[in-house]
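Colleague: Take a look at the letters that make up each chain.
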Amino acid sequence: MLGFDVIGFLISWLTLFGTYAILSMSLNLEIGFTGMADFGKVAFYGIGAYLAATITAFTFLFVNGIKCPLHSVEAIVALKECASKNPALNVSIFVLCILITFIITGAIGYLISYPTLRVGPAFLGITVLSFGELLRIFMRHFEPTGGTKGLAGIPHPLAWIPDPRLRDGIYAAIVLVVMLLTYLLSEKIANSPFGRLMRTVRDDEIATLCLGKHVPRIKAAVFFLASGLAGIAGVLLAYYLGSVNPDMFVPAVTFNVWAMVIFGGMGNNKGALIGSAIITFVDRISFVVNLLFPQAIISPDYIRWMIVGLLILITLLFKPQGLMPETPIKTLALTAVAEESGGEENA
Amino acid sequence: MIGPTEVLNTIWIGIIYMIIALPLTLSYKVTRIINFVHINFITIGAYVGVILFLLGVNSLLLVIPASFLFGAAIAVLNHFIAFSPLEKRGANPVILMIASLGLWIFYKYVVYAFLDLGQKVFRTNLFSVIPRATSLPDVSVGGYVLSGHFFAAILVAGVILGVLYLLLSKTSVGRAIRAVADNPTLAEISGIPKERVVSITWALCGGMAAVGGLLWAVFAIATPEVGDALILQIFAVSVIGGLESLLWTGIGAFIISGAENILMSLLNAVLGVPVSFRPFISFSALLLIILVKPPLGAGGGLPYRFKIVRHYKR
Chain A
59 MLGFDVIGFL ISWLTLFGTY AILSMSLNLE IGFTGMADFG KVAFYGIGAY LAATITAFTF
119 LFVNGIKCPL HSVEAIVALK ECASKNPALN VSIFVLCILI TFIITGAIGY LISYPTLRVG
179 PAFLGITVLS FGELLRIFMR HFEPTGGTKG LAGIPHPLAW IPDPRLRDGI YAAIVLVVML
239 LTYLLSEKIA NSPFGRLMRT VRDDEIATLC LGKHVPRIKA AVFFLASGLA GIAGVLLAYY
299 LGSVNPDMFV PAVTFNVWAM VIFGGMGNNK GALIGSAIIT FVDRISFVVN LLFPQAIISP
359 DYIRWMIVGL LILITLLFKP QGLMPETPIK TLALTAVAEE SGGEENA
Chain B
54 MIGPTEVLNT IWIGIIYMII ALPLTLSYKV TRIINFVHIN FITIGAYVGV ILFLLGVNSL
114 LLVIPASFLF GAAIAVLNHF IAFSPLEKRG ANPVILMIAS LGLWIFYKYV VYAFLDLGQK
174 VFRTNLFSVI PRATSLPDVS VGGYVLSGHF FAAILVAGVI LGVLYLLLSK TSVGRAIRAV
234 ADNPTLAEIS GIPKERVVSI TWALCGGMAA VGGLLWAVFA IATPEVGDAL ILQIFAVSVI
294 GGLESLLWTG IGAFIISGAE NILMSLLNAV LGVPVSFRPF ISFSALLLII LVKPPLGAGG
354 GLPYRFKIVR HYKR
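As given, the protein sequences belong to chains A and B, one line each in that order.
Heads up, the first sequence is in the working numbering, so the first residue is 59 and it goes up one at a time.
Heads up, the second sequence is in the working numbering, so the first residue is 54 and it goes up one at a time.
Just chain A, with the same shape it has in the complex (with noise of 0.2 Å):
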C-alpha cells in the first residue's frame, strides 16, 4: 500500500497514545475516583501546551540574544538555527517546563475550581467547559502568542540528534515513560488512604461531610492534581508537534478522552490506559483513512466524531461499568487478609 511507513506510524501512535493516556488518567481521578464532571480538560491541556511553548520559544530567543516577536516569521527561522546548539538547554527547559507548567495549570485548576466546587458538581462541567472555549476565544484574539496562527518552531528537546526518526523514537519513549510514571503515581494515589476518601466522596458525600472530612477541600486538591497532569498532556503535545495553535483545542479532545474514560472503565487506571489505546489507535488509522480517500461523500473525521458520541451513550446504556470494571482498593492489610483466607480455601 504506497510503502506505507509501519514504523512511522506507530511512533505517532505511540505518542498520542501517551499523551491521551495521561489526560485519561487525569480524568479518572476526576470522574472515576471523586465523581467530579470536568467537561473543561482541554483547558488545562491548552494552558500547559501553551506555557511550553511561550516558554521555550523565549528563553531561547533570550539566550541566544535575538530579539523579535515571539510568532514571527524571524523568530521561527531563528529558533530553527539555535535549536541543536545547546543539548543541556534543551533538555533543561523540557525539565523545567515540565515541573513549571504542573505547577501553574494545577494552580489555575484549584482558582477555577474554588467556587463552583461548593455549588454542585453540574456546575463544575459548566464553568470549566466554557472556560475552555473562553480561552480558545481569547487566545484567537491574543496577538504577543501569535492570535489564530499560534506559535510554531518551537525547539525541540531532542534537537540535537541529527537522524529524525530517532529523535522520534527517543521522544516517543519520553512520552511513555512519563506516562508510565503517572500510572504508578495515580495507581498509589487511588489505593492510599486519600483513595479511599476519594471513592467515600463519589459515592456518599453526607457521609464523608459526617465523618469530618472537608468535601470541597478533598475535591479541590484532585483538581489542581488533576489539572496539573493534564498541563504535563500539553507540554508533550507543545514538543511533539512543535507548534501550538487555538484551533488545536476544541472542546472535541476534551470529548476524546471522556470517550476514553469511559468505555475503559470508570475508577480503573488500566481501563483508562485501554481506552485511550484503542481510540488513539483508531483516530491513526482514520487519519490515514482520510489520506486514502479525500473525496468522500461524508468526511471520515465526522464520522469518527458520531462514534465518538455513540460509543460515549452506549457505553453508558449497556455497560456502564466499561471494559475493565472498578477493582477492589488494594492495601497491604487487605492483601495480606485476601492471601490469608485464600490458603484456606485451598487447604
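No lab work stands behind these hints, which were simulated from the structure alone.
Please note that the accuracy of each hint is not assured.
[Claimed, not checked] Distance condition first, Cα-Cα at most 30 Å in a straight line; then the derived BS3-like pairs of lysine-lysine:
no.	chain 1	residue 1	chain 2	residue 2
1	B	247	A	377
2	A	377	B	141
3	B	247	B	223
4	B	82	A	377
Predicted model, so just to flag it, every value in this text is computed and none were measured.
Please build the complex by placing chain B on the supplied structure of chain A, with the hints as guidance.
Modeller: Okay, now just chain B, sitting in the frame of chain A:
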C-alpha cells in the same frame, strides 16, 4: 458610547437569550438533567430554517412551526432513547449529564455530516449562511432602518412567552409540569402520569430552543457552531435564575445581553478594552453569580455555603 444600536442589540439579543434559556431552566427543573443537547436544538432549529428557505419556503409562519416540531421531536427521542432508560436504572445526575454530553457530540457531527451532503446537493456554502425571509419589509423609525425581522422576532417571542406563561399557569398540563418539578414522587403518588409530563416538557423545551436558534440565525448567521458559541451566555443566564426561577432566568437574559452590549461598549470607549473580550464579561458574570448568589443544591450536589468550617482544636 451608548447609542441606539447598543440598546436595540440588547433588546433583541436579550429576547433570544430568554427564548433559549427559559427551556433550559424548565427542563432542568422537571428532569434534573443538565442537558447539553440544548446546544444542538439551537443549531438544528437554525438549520431547519436555512434548508426550508433554500427549498423556497419563504414565510416565517411556516418555518417557525417546522423548526419547533423538529426540535421537539429530537428532544422526545433523546428522552426515550437515553434519559429514560438511564433514569430507570437509577443513574446519578452526573451520569445523566455525561450521557447528554455524548448525545451533544453525536448530534453536532450529524449536523456537520448532513451539511457536507447538503452542500453537494444544493451547491451553496451551507457552513455559514444567513437565512432571510424576503417577504418582510424594512421599517424606518426616526432615521434608523429597522429590519422587518426585528419586529417579527419580537412578535414571535412575545407569542411564545405568552403561550408558555398561559400553559404553565392556567392549564392542567402546566400544573402537572409544575407539580413534577416541585416533587416528582409526590406528583406520581397523586396520579400525575410523570412519564407523559416529562415527554411533554422535553417537547416544549426542545421546540422553544429550536425556535430561538432560528431567530438567532435570521439575525446573525447560521453556522454548525452557532449553538456552541452560545453555551456560555445561555448557561450564565440560567444560573442567574438558579436553574430554578423562570422569572429570574428571563431577567438574567437581559442582564447578560446588557452586559455584553452596553457594558462592553462602555468599557471599550472608556478603558479601551478590545471587543474580543466580550465572552469574558459573560464568564465573569457566571463566576460572580456562583460566588454571590450560589444556586445551592442545584446540579445534584450538597449545598456548601462559603463559610469556613472550623475544626475546633482542644
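Colleague: Against each hint, give a clear statement of whether it holds in the structure.
Modeller: Structure-based check of all given hints:
1. B:247 with A:377: This hinted pair holds, its Cα atoms lying about 27 Å apart.
2. A:377 with B:141: At roughly 15 Å apart (the allowed maximum being 30 Å), residue 141 of chain B and residue 377 of chain A satisfy the hint.
3. B:247 with B:223: Holds, at roughly 19 Å.
4. B:82 with A:377: Roughly 28 Å separates the two Cα atoms, so the pair holds.
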